[in-house]
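Going down the list, the sequences are from chains A and B. For what it's worth, the working numbering labels the leading residue of the first sequence as 2, then goes sequentially. For what it's worth, the working numbering labels the leading residue of the second sequence as 6, then goes sequentially.
Careful: at least some of the hints might be erroneous.
What the hints assert, rightly or not - The list that follows gives simulated cross-link-like pairs (lysine to aspartate or glutamate, EDC-like), each with its CA atoms no further than 20 Å apart: (1) 58(A) x 8(B); (2) 47(B) x 39(A); (3) 71(A) x 39(A); (4) 50(B) x 39(A); (5) 7(B) x 39(A); (6) 50(B) x 25(A); (7) 10(A) x 44(B); (8) 102(B) x 60(A); (9) 102(B) x 55(A); (10) 47(B) x 87(B); (11) 47(B) x 108(A); (12) 50(B) x 108(A); (13) 84(B) x 62(B); (14) 102(B) x 44(B); (15) 7(B) x 108(A); (16) 58(A) x 31(A); (17) 102(B) x 16(A).
Simulated from the structure, these hints should not be mistaken for laboratory data. Quick caveat, the model's predicted, so the values are computed rather than measured.
Residue strings, one per chain:
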Amino acid sequence: DGGITQSPKYLFRKEGQNVTLSCEQNLNHDAMYWYRQDPGQGLRLIYYSQIVNDFQKGDIAEGYSVSREKKESFPLTVTSAQKNPTAFYLCASRGEGATYMTQHFGDGTRLSIL
Amino acid sequence: RKEVEQDPGPFNVPEGATVAFNCTYSNSASQSFFWYRQDCRKEPKLLMSVYSSGNEDGRFTAQLNRASQYISLLIRDSKLSDSATYLCVVNLRRDDKIIFGKGTRLHILP
Chain A
2 DGGITQSPKY
12 LFRKEGQNVT
22 LSCEQNLNHD
32 AMYWYRQDPG
42 QGLRLIYYSQ
52 IVNDFQKGDI
62 AEGYSVSREK
72 KESFPLTVTS
82 AQKNPTAFYL
92 CASRGEGATY
102 MTQHFGDGTR
112 LSIL
Chain B
6 RKEVEQDPGP
16 FNVPEGATVA
26 FNCTYSNSAS
36 QSFFWYRQDC
46 RKEPKLLMSV
56 YSSGNEDGRF
66 TAQLNRASQY
76 ISLLIRDSKL
86 SDSATYLCVV
96 NLRRDDKIIF
106 GKGTRLHILP
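Just chain B, same shape as in the assembly (with noise of 0.2 Å):
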């Protein structure tokens, strides 16, 4: 099982959908989770940290199930502009090893 998963996509909604996809990581000492955002060709950008309570910063929520070993971001009202590449990011505290999904593509349609 891979360290972090993440559905590839494309998801291909339409804009002002609700959207939502999960990630799912397969070490159970994961402590810090984050969702990056990376444009075409561009450097990933930091999102949002994601917290055992769940969190939210405007449209975009972020929820953590340790039991389940699962993070999930949703994005509500999308936007054009939210189309991107949204990869997940799991840090294993023990030896500081930061570890990224491949990713999921999101295309937002007029």
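This is chain A alone, in the form it adopts within the complex (with noise of 0.2 Å):
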């Protein structure tokens, strides 16, 4: 079945470690997007990618980094200045036609510091 995987779904960090959040889909959506949910809040922007080979910042990007150089894969590295990285994160991607505008997510992974 198509869909969206993300791996691992529980990670712990150390302080001053990067770490780096996978996301892969099967589902050949050219979008692509990372968002970050705290306890009791909505879902936020990190990045997103139209299209393989670009992104855009989202509302929250500063101490994230993001690649797309293939149009499956859209990881996401959480850097150390990133001060306060606890969080649930949710890759998603976007169908086309008559699915368009419609995200897809993956199942989550949720990050911790040791």
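Bring the two chains, given one by one in their own frames, into a single complex with the hints.
Here you go:
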């Protein structure tokens, strides 16, 4: 079945370390997104990519980096510059045609600081 | 003014009741609107798109008021399984940015 796979499901990071969250999709979607969700809060956009080799900053891009070398992959790196990285991270992709603008989400990655 | 605003709730309503909540958006150029449902510690799932003419899906009715820049969601004959957080989502087609509201928490009481 087509879908979005995020890994790992749980991730623990020591302070000062960079970590990379994986997001892979086999839906052939052009657009992909990374969101952060804190307890009791809505989703905040970190980065998004409308096409391979292109991406734009969202509302809270500081301390994060992304790459989009392949259509199916949009990894997110949480750098040591991100001072409060503990959160639930969601990756999404967007369909085209009849499903335009409906987003498909991965199961998420919970990142915690040791 | 925030780009997308929702009453955070919680809305505590008895089973079988009808509940409605609104979402306001600030950018008049917004072009697409959606309601997502998110269960605790899960990813959001699309509940329904919102069309200018209003649309209904079973017990759920969504409406858009472009003049006043709000969308609404009405849930009739609420079920215990409707308990969740409902997220309002707005798209600015210009730059493909998708904006989520913070969500409205709904608790259906037995």
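Checked hints:
This hinted pair checks out: residue 58(A) and residue 8(B) have alpha carbons roughly 17 Å apart, not beyond 20 Å. Between residue 47(B) and residue 39(A) the alpha-carbon distance is near 13 Å, which keeps this suggested pair within the 20 Å criterion. This hinted pair does not check out: residue 71(A) and residue 39(A) have alpha carbons roughly 29 Å apart, beyond 20 Å. Of the pairs offered as hints, the one joining residue 50(B) and residue 39(A) holds, with about 18 Å between alpha carbons and a cut-off of 20 Å not exceeded.
Between residue 7(B) and residue 39(A), the direct Cα distance comes to roughly 18 Å. Compliance with the 20 Å bound is thereby established for this hinted pair. About 18 Å separates the Cα atoms of residue 50(B) and residue 25(A), which keeps this hinted pair within 20 Å; it holds. Of the supplied pair hints, the one linking residue 10(A) and residue 44(B) holds, its CA atoms being roughly 17 Å apart against a limit of 20 Å. Taking the CA atoms of residue 102(B) and residue 60(A), the gap is near 10 Å; set against the 20 Å cutoff, the hint holds.
Taking the CA atoms of residue 102(B) and residue 55(A), the gap is near 14 Å; set against the 20 Å cutoff, the hint holds. For the given pair, residue 47(B) sits about 15 Å from residue 87(B) by alpha-carbon distance, which is consistent with the 20 Å threshold. With a C-alpha separation of about 7 Å, the suggested pair residue 47(B) and residue 108(A) falls inside the 20 Å cut-off, and the hint holds. Of the pairs offered as hints, the one joining residue 50(B) and residue 108(A) holds, with about 11 Å between alpha carbons and a cut-off of 20 Å not exceeded.
Straight-line distance between C-alpha atoms of residue 84(B) and residue 62(B) comes to about 15 Å, which keeps the hinted pair within the 20 Å bound. The suggested pairing of residue 102(B) with residue 44(B) is violated, with an alpha-carbon distance near 24 Å, which exceeds 20 Å. Taking the CA atoms of residue 7(B) and residue 108(A), the gap is about 27 Å. The hint is violated against a cut of 20 Å. Simply put, residue 58(A) and residue 31(A) have alpha-carbon atoms about 17 Å apart, close enough for the 20 Å limit, and the pair holds.
Restraint check: the Cα-Cα separation between residue 102(B) and residue 16(A) comes to about 31 Å, which exceeds 20 Å; the hinted pair is violated.
Checked against the numbered hints given earlier, the structure breaks hints 3, 14, 15 and 17 and satisfies all the rest.
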